Each structure stands twice: as structure tokens, then as C-alpha cells.
Amino acid sequence: MRGLILFACAAALYAQTSPATQPAKQPGGLEADWDIRPVLQEISAHASRLVPVLEKIDAHQWVAKGASPTYAQQLEASKAQAKALMSGAKALAADPQHLSESLQVLFRIQGLDAMLRSVEEAMRNYGSPAEAQELASLNAENGLNTGRLQQYIVNLAAEREQDLKVMDEEAQRCRGILVPAARPAGKR
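Last residue of the sequence shown: 198 (this note's numbering), numbering continuous.
Read the hints as simulated data drawn from the structure, not as lab findings.
Remember, it's a predicted structure, so these values are computed and weren't measured experimentally.
Every residue, glycine too, gets a C-beta built ideally from N, C-alpha and C.
There's no promise every hint is true.
To be verified - Heads up, simulated DMTMM-like pairs for lysine to aspartate or glutamate below, C-alpha to C-alpha not over 25 Å straight-line:
#  : residue 1 : residue 2
1  : LYS89     : GLU130
2  : LYS100    : GLU65
3  : LYS89     : GLU151
4  : LYS93     : GLU130
5  : LYS100    : GLU52
6  : LYS93     : ASP123
7  : LYS100    : GLU111
8  : LYS93     : ASP43
9  : LYS93     : GLU111
10 : LYS75     : GLU41
11 : LYS89     : GLU111
12 : LYS100    : GLU41
13 : LYS66     : GLU144
14 : LYS75     : GLU131
15 : LYS175    : GLU111
16 : LYS175    : GLU41
Claimed, not checked - Label-pair ranges, simulated between beta-carbon atoms:
#  : residue 1 : residue 2 : range
17 : SER78     : ARG47     : 39 to 47 Å
18 : GLN114    : VAL63     : 21 to 29 Å
19 : SER110    : GLU144    : 30 to 38 Å
20 : PHE117    : GLN172    : 19 to 27 Å
Please construct the entire structure, taking both the sequences and the accompanying hints into account.
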């Protein structure tokens, strides 16, 4: 009998949290996978457009003109980060429900953005200001997608918190059914 009750509780819990039973998007809620996928694909495509631009930059010329070698290291780190962002966003587009991977992509975008600002500064001071402006313009193209991804992550985290709350409440309810409260001493 207990097994049947436990099975019924598990089935009720699954039905409440199943993605198939949830609407595609609630007002102010999580975007559907097919709505966020193009955003992630564009983030990946944007990173792929950044890579060749970064590959053309010669930081050794900057160092020869008196720039800190740190700029060259930041350029190399930017190239690696752009490549990782490209593959990470592409993989996430296949299954956008992964919170940890979504956060990783967002952190890569933010890290790359910070490093690119430094590279742009080096380009302005030790290279071509026009090329620095082109890099800044290319980098800025991803702003809307980054904002949308950030909002998606907030909504995804909120949905996961709600799912955990519902699961905990159901588990406690099922526990109450399976393990009745102990009767006070002297009463039977």
C-alpha cells in the first residue's frame, strides 16, 4: 500500500513540474526554448565574427611602441575566450535549459567584453584608432542578445527555484501520508 501511495505522490509531482504541462511562456516568465535558441545561435555567430578580427591584430607592434606586454596577453585571452564562447553558445542552443551552462556563457560574454575594452584602448594608444572603433562597434553588436540571455537566466533560475519549492512541498506531503504523525502518549 505504501508503495502505491509513494508512486501516486511521485506521479503527481512529475505532472506538476513536467515541461510539457507548462505553457510556452508566461507573462514575465521563461522564454520557450525555440525563442531563446536564435539568441544563443547569434551569440555564437557574433563570437565567430570576432575571432578573425582579433586574429588580424598584431600586439607585438604595440609592445615595440612601448605598450605593456599585458595587452598582448589580453589579446590572446580574448581570442581564446571568443572561441570558447562560440562553441559554448552553440552547444547551449541545442539545450538551453541548463542553468550552469547558461551562466558560463554569460560570464564568458562579460569577461570577453571587459578584455576587448582593454584591447580597444591599446589599439587606440599604440595602433589604429579607426580599427579600435571598428572593434568597439563589432563588440557592441551583441548587447541586445546579452541582455536577453541575462533575463532568460534570471527567469530560468526563478523557475528552477519554484520547481524545487513544489517538489519539496510534495515530498513533505507524501512523507506525511507515509509516516503518520506520532500519537500523543496516553491516547489511542
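Now for the hints, and whether the structure bears them out:
no. : hint                          : result
1   : LYS89 <-> GLU130              : 14 Å, holds
2   : LYS100 <-> GLU65              : 21 Å, holds
3   : LYS89 <-> GLU151              : 17 Å, holds
4   : LYS93 <-> GLU130              : 18 Å, holds
5   : LYS100 <-> GLU52              : 9 Å, holds
6   : LYS93 <-> ASP123              : 13 Å, holds
7   : LYS100 <-> GLU111             : 11 Å, holds
8   : LYS93 <-> ASP43               : 24 Å, holds
9   : LYS93 <-> GLU111              : 15 Å, holds
10  : LYS75 <-> GLU41               : 49 Å, violated
11  : LYS89 <-> GLU111              : 20 Å, holds
12  : LYS100 <-> GLU41              : 18 Å, holds
13  : LYS66 <-> GLU144              : 13 Å, holds
14  : LYS75 <-> GLU131              : 14 Å, holds
15  : LYS175 <-> GLU111             : 22 Å, holds
16  : LYS175 <-> GLU41              : 21 Å, holds
17  : SER78 <-> ARG47: 39 to 47 Å   : 41 Å, holds
18  : GLN114 <-> VAL63: 21 to 29 Å  : 23 Å, holds
19  : SER110 <-> GLU144: 30 to 38 Å : 34 Å, holds
20  : PHE117 <-> GLN172: 19 to 27 Å : 24 Å, holds
Checked against the numbered hints listed earlier, the structure breaks hint 10 alone; every other hint is satisfied.
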